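Asks: Generate the whole structure from the sequences, applying the supplied hints.
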Amino acid sequence: MSDVVLTFDDVHKKFKRGEIHDSLRDLLPALTGRFLRRTGNLESREFWALKEISFEITRGEAFGIVGHNGAGKSTILKLLSGIMRPTKGTIDVNGSLSALIEVGAGFHPDLTGRENIYLNGTILGMARREIELRFDEIVEFSGLSDFIDTPVKRYSSGMYARLGFAVAAHVDAEILVVDEVLSVGDHMFQKKCLDRMNTVIQNGTTVVFVSHNLQAVADLCGRSLLLDRGQMMSIGPIEEVIQSYMGLSYASRNREGHKARIVSVSLRGEDGANMRFDSGERAWIDVELEGLADCEGLAVVLDMLDRSGYNVFNTSTERLGEEPFSLRSGSTYSCSFQLDLNLANGAYDIEITVYNYGTEYVFDTMNPAATVYVNTGVEVRGVANCKPKVTVRHGAAPASPMETPGA
Amino acid sequence: MLEHLKTLFRYRELLYMITWREVRIKYKQSMMGFLWAIFMPLIIVAAGILVKYAMAHVAQKPFLLSEVATISVKAVPWAFFVSALRFATNSLIANTNLVTKISFPKEIFPVASVASQLIDFLVASVALTVILLVSGVGLSLQVLWAPLLIALLVLFTVGLGTVLSAASLFFRDVKYLTEVVLTFAIFFTPVFYEVEMFGKWGTVLLLNPVAPILEGLNDTVVLHESPDFLWVGYSAAVSVILLTAGYSFFKKAEPMFAESI
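The listed protein sequences correspond, in order, to chains A and B.
Position one of the first sequence corresponds to residue 1 (my numbering), numbered consecutively onward.
Position one of the second sequence corresponds to residue 1001 (my numbering), numbered consecutively onward.
These are calculated hints, taken from the structure and not from any lab test.
In this text, all values refer to a predicted model and were calculated from it rather than measured experimentally.
We put the beta carbon where it would ideally sit given N, CA and C, even for glycine.
A portion of the hints provided could be inaccurate.
[As the list claims (entries may be wrong)] Mimicking EDC-like on lysine to aspartate or glutamate, the simulated pairs with C-alpha atoms at most 20 Å apart in a straight line are:
no.: 1; chain 1: A; residue 1: K259; chain 2: A; residue 2: E296
no.: 2; chain 1: B; residue 1: K1052; chain 2: B; residue 2: E1067
no.: 3; chain 1: A; residue 1: K389; chain 2: A; residue 2: D278
no.: 4; chain 1: A; residue 1: K191; chain 2: A; residue 2: E102
no.: 5; chain 1: B; residue 1: K1026; chain 2: A; residue 2: D110
no.: 6; chain 1: B; residue 1: K1006; chain 2: B; residue 2: E1254
no.: 7; chain 1: A; residue 1: K88; chain 2: B; residue 2: E1259
no.: 8; chain 1: B; residue 1: K1028; chain 2: A; residue 2: D149
no.: 9; chain 1: B; residue 1: K1028; chain 2: A; residue 2: D110
no.: 10; chain 1: A; residue 1: K192; chain 2: A; residue 2: E140
no.: 11; chain 1: A; residue 1: K16; chain 2: A; residue 2: E52
no.: 12; chain 1: A; residue 1: K88; chain 2: B; residue 2: E1254
no.: 13; chain 1: B; residue 1: K1061; chain 2: B; residue 2: E1196
no.: 14; chain 1: A; residue 1: K192; chain 2: A; residue 2: E102
no.: 15; chain 1: A; residue 1: K51; chain 2: B; residue 2: E1259
no.: 16; chain 1: A; residue 1: K153; chain 2: A; residue 2: E102
no.: 17; chain 1: B; residue 1: K1026; chain 2: A; residue 2: D149
no.: 18; chain 1: A; residue 1: K153; chain 2: A; residue 2: D110
no.: 19; chain 1: A; residue 1: K88; chain 2: A; residue 2: E52
no.: 20; chain 1: A; residue 1: K14; chain 2: A; residue 2: D228
no.: 21; chain 1: A; residue 1: K389; chain 2: A; residue 2: E379
no.: 22; chain 1: A; residue 1: K16; chain 2: A; residue 2: E46
no.: 23; chain 1: A; residue 1: K16; chain 2: B; residue 2: E1254
no.: 24; chain 1: A; residue 1: K14; chain 2: B; residue 2: E1259
no.: 25; chain 1: A; residue 1: K14; chain 2: B; residue 2: E1254
no.: 26; chain 1: A; residue 1: K88; chain 2: A; residue 2: D228
no.: 27; chain 1: A; residue 1: K16; chain 2: B; residue 2: E1259
no.: 28; chain 1: A; residue 1: K387; chain 2: A; residue 2: D340
no.: 29; chain 1: A; residue 1: K387; chain 2: A; residue 2: D306
[Stated by the list, open to error] Computed Cβ-Cβ distance ranges for the label pairs, DEER-style:
no.: 30; chain 1: B; residue 1: N1097; chain 2: A; residue 2: R129; range: 22 to 28 Å
no.: 31; chain 1: B; residue 1: L1002; chain 2: A; residue 2: P109; range: 33 to 39 Å
no.: 32; chain 1: B; residue 1: S1030; chain 2: A; residue 2: A127; range: 27 to 33 Å
[Claimed, not checked] Here are some, though not all, of the chain B residues that point toward chain A, as calculated from beta-carbon distances under 8 Å:
no.: 33; residue: E1013
no.: 34; residue: L1014
no.: 35; residue: M1017
no.: 36; residue: R1021
no.: 37; residue: R1024
no.: 38; residue: I1025
no.: 39; residue: K1028
no.: 40; residue: Q1029
Replies: So this is what it looks like as structure tokens:
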């Protein structure tokens, strides 16, 4: 499996902030300036959109690229699809590549769904005969057979996206590059897209998948790259990358280092230290802090995240009505959060952060500070436990909605 | 250049689809549909007749029916040239979404713009044939030069359109400049008049590469003479040089399109 289809070798990409000279009037001064300029260095308005990016993707791999907005994900896509060229470094693509940077890019509003399938299919690199062969399949997948002869300008945005994805998902390419496509459509359609992507991957297509939807990346990709402000933060198995992604959420904020420290976070139940709980059980989280220098206006923030990184719950000393506190070098502080774990089956990470709401500075963060495993005893999905019960009655429904059984 | 042509051939389906899209969109939701292809040249021909008629009146000469043929045979290709060039110049900007999002040879856009206008031109040519038959200029073997001259015009338009599309992507001035020049270019080009009317100054007019082509069309189709090979050769040389240079400029600039648009 050392069949490398895609290589990024020390790729850099430089962009300009603000307006590039857009009219001839601005060009002349810019040109004279060019003679005095040395290349390779950053000018005041330039910045690195990507820096020192190196990775390889092997044939048949499903590779994810994750990162916050502005991390450089789309720039990577544009580079590997050949829309842009790197400022420095080399990119090797070995095989036919089809890139879908935006669902339905290339749709023309005045054309009908049918016409757009042909148009968009050709744009994505399909031959007309191929499209003819797959036409029914595409329409079927989109679920828009009733509207296929309607101009797409009359489509809802959901329908638009569905048709766009349907076309893209039926392109035969050795390497398929998709950007955020799974954030479109309703829940049902997203599931359909995921299934389709899984089929594509199983058929041996190399898929590069870009998203900030961690759940989707985790479901599809084995290996992934985490970007932060143009740089590689981590690359490797998806679980590890997701861990680092979580860490980034606070790390990427303003940071006031070495002023306060989280000494310990411990989790306990009614019977002492514990990490396995039944749903609805009470848990306590004890936090101990130590001051390393003078700092004030502090609060302890507690976040609870499910395994896909979704923030299930957030509170803090300040939100619970406690006054902001101060620390001096050597002083300590401790607090204890009491939580009723009304959660569905699953594992939840607790993240503790020392934070100043006024200045938005992060003083220290521990993630995961603890993990709770929750068991509801009954089969439920999601994150909340609504304590479900169901009553089945054979025959007609009761005449009055007030007529509840046992009442 | 050969390499570029190969690429273009490889993407012929896309070229066909984009051309088809342009044609399709233009006539969607329009009541006249394909009649538009005739309408625009018709207006120019009508304007030409008016000008010629006025000139004949001032010169106290009779207005001949064959003049209509002369005007038509020049005005219809001119209408093609103007709209194709205008369309091609805007083609990249108008397709920002595709330029920044999908990778394929971008010269498809200016080329498809010219191609879609060429289809209009072919429709108008049918009408033109009718005019020629009615005006009774007759037919000779010299008419066989006409397709070659038209091909030359297409070559020149593609060359110029390719350069202008890329240039206007970087500098929007080019777009406005093109508009202005195209609006008044009809006065500098022998569409409503003949080069010989200017005597020795006619040579200056012929430096405009479109002029020898239009004159050539008039010579062959209406006057049944052979074209002025020297000047047509000049146009051909300019067209080929422009196309080659313009194309390679386009390909050089292409990687910068997505971030500069």
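Asks: Compare the structure with each hint and give your call.
Replies: Evaluation of the provided hints:
1. A distance of roughly 10 Å separates the Cα atoms of A:K259 and A:E296; the hinted pair therefore holds under the 20 Å criterion.
2. Our distance criterion of 20 Å between C-alpha atoms is met by B:K1052 and B:E1067, whose separation comes to about 8 Å.
3. For the hint linking A:K389 to A:D278, the alpha-carbon distance of about 17 Å falls within 20 Å, and the restraint holds.
4. For the hint linking A:K191 to A:E102, the alpha-carbon distance of about 19 Å falls within 20 Å, and the restraint holds.
5. Between B:K1026 and A:D110 the alpha-carbon distance is near 10 Å, which keeps this suggested pair within the 20 Å criterion.
6. Under the criterion of a C-alpha separation no larger than 20 Å, the hint pairing B:K1006 with B:E1254 is consistent with the structure, at around 17 Å.
7. Taking the CA atoms of A:K88 and B:E1259, the gap is near 16 Å; set against the 20 Å cutoff, the hint holds.
8. Annotation: proposed proximity of B:K1028 to A:D149 holds, straight-line Cα distance about 13 Å (limit 20 Å).
9. Between the alpha carbons of B:K1028 and A:D110 the distance comes to roughly 7 Å, so the proposed pair stays at or under 20 Å and holds.
10. Only pairs whose Cα atoms come within 20 Å are accepted, and A:K192 paired with A:E140 is accepted, the gap being roughly 12 Å.
11. Between A:K16 and A:E52 the CA atoms are separated by roughly 18 Å; this keeps the pair inside 20 Å, and the hint holds.
12. In summary, the hint linking A:K88 to B:E1254 is supported, as the alpha carbons are separated by about 17 Å, within the 20 Å threshold.
13. Distance hint between B:K1061 and B:E1196 is fulfilled; the C-alpha atoms sit about 17 Å from each other, no more than 20 Å.
14. For the suggested pair A:K192 and A:E102, the alpha carbons sit about 18 Å apart, so the restraint of at most 20 Å is met.
15. The hinted pair formed by A:K51 and B:E1259 meets the criterion: a straight-line CA distance of about 17 Å does not exceed 20 Å.
16. The suggested pairing of A:K153 with A:E102 holds, with an alpha-carbon distance near 17 Å, which does not exceed 20 Å.
17. The hinted pair formed by B:K1026 and A:D149 meets the criterion: a straight-line CA distance of about 18 Å does not exceed 20 Å.
18. For a cut-off of 20 Å, the pair hint linking A:K153 to A:D110 stands: about 6 Å separates their Cα positions.
19. For the hint pairing A:K88 with A:E52, the CA-to-CA distance comes to about 9 Å; that is within 20 Å, so the pair holds.
20. About 15 Å separates the Cα atoms of A:K14 and A:D228, which keeps this hinted pair within 20 Å; it holds.
21. Distance hint between A:K389 and A:E379 is fulfilled; the C-alpha atoms sit about 11 Å from each other, no more than 20 Å.
22. Using a Cα cut-off of 20 Å, the hinted pair A:K16 and A:E46 holds, with the two alpha carbons roughly 4 Å apart.
23. Note on A:K16 and B:E1254: the hinted pairing holds, with a Cα-Cα distance of about 18 Å set against a maximum of 20 Å.
24. As the CA atoms of A:K14 and B:E1259 are separated by approximately 10 Å, the hinted pair is consistent with the 20 Å bound.
25. For the suggested pair A:K14 and B:E1254, the alpha carbons sit about 17 Å apart, so the restraint of at most 20 Å is met.
26. Under the criterion of a C-alpha separation no larger than 20 Å, the hint pairing A:K88 with A:D228 is consistent with the structure, at around 19 Å.
27. Straight-line distance between C-alpha atoms of A:K16 and B:E1259 comes to about 9 Å, which keeps the hinted pair within the 20 Å bound.
28. With a CA separation close to 13 Å, the supplied pair A:K387 and A:D340 stays within the 20 Å bound.
29. With a C-alpha separation of about 19 Å, the suggested pair A:K387 and A:D306 falls inside the 20 Å cut-off, and the hint holds.
30. Between B:N1097 and A:R129 the beta carbon distance is about 26 Å. The supplied range of 22 to 28 Å therefore holds.
31. For B:L1002 paired with A:P109, a C-beta distance near 38 Å keeps the hint of 33 to 39 Å intact.
32. Checked against the hint of 27 to 33 Å, the pair B:S1030 and A:A127 passes, with Cβ atoms roughly 31 Å apart.
33. Interface hint at B:E1013: satisfied, since its Cβ lies 5 Å from the closest Cβ of chain A, which is below the 8 Å cut-off.
34. Taking 8 Å as the C-beta contact cut-off toward chain A, the hint placing B:L1014 at the interface holds, the least distance being around 5 Å.
35. Because the smallest distance between the Cβ of B:M1017 and any Cβ of chain A comes to about 4 Å, under 8 Å, the interface hint for this residue holds.
36. Interface restraint check: B:R1021 against chain A, minimum CB-CB distance 6 Å, threshold 8 Å, status holds.
37. Hint on B:R1024 holds. Least Cβ distance to chain A is approximately 7 Å, under the 8 Å limit.
38. Here the hint on B:I1025 is kept, as its CB sits about 5 Å from the closest CB of chain A, short of 8 Å.
39. Against a cut-off of 8 Å between C-beta atoms, the interface hint on B:K1028 holds, since the closest Cβ of chain A lies about 5 Å away.
40. Because the smallest distance between the Cβ of B:Q1029 and any Cβ of chain A comes to about 7 Å, under 8 Å, the interface hint for this residue holds.
Figure legend: structure checked against the earlier numbered hints; every hint is met.
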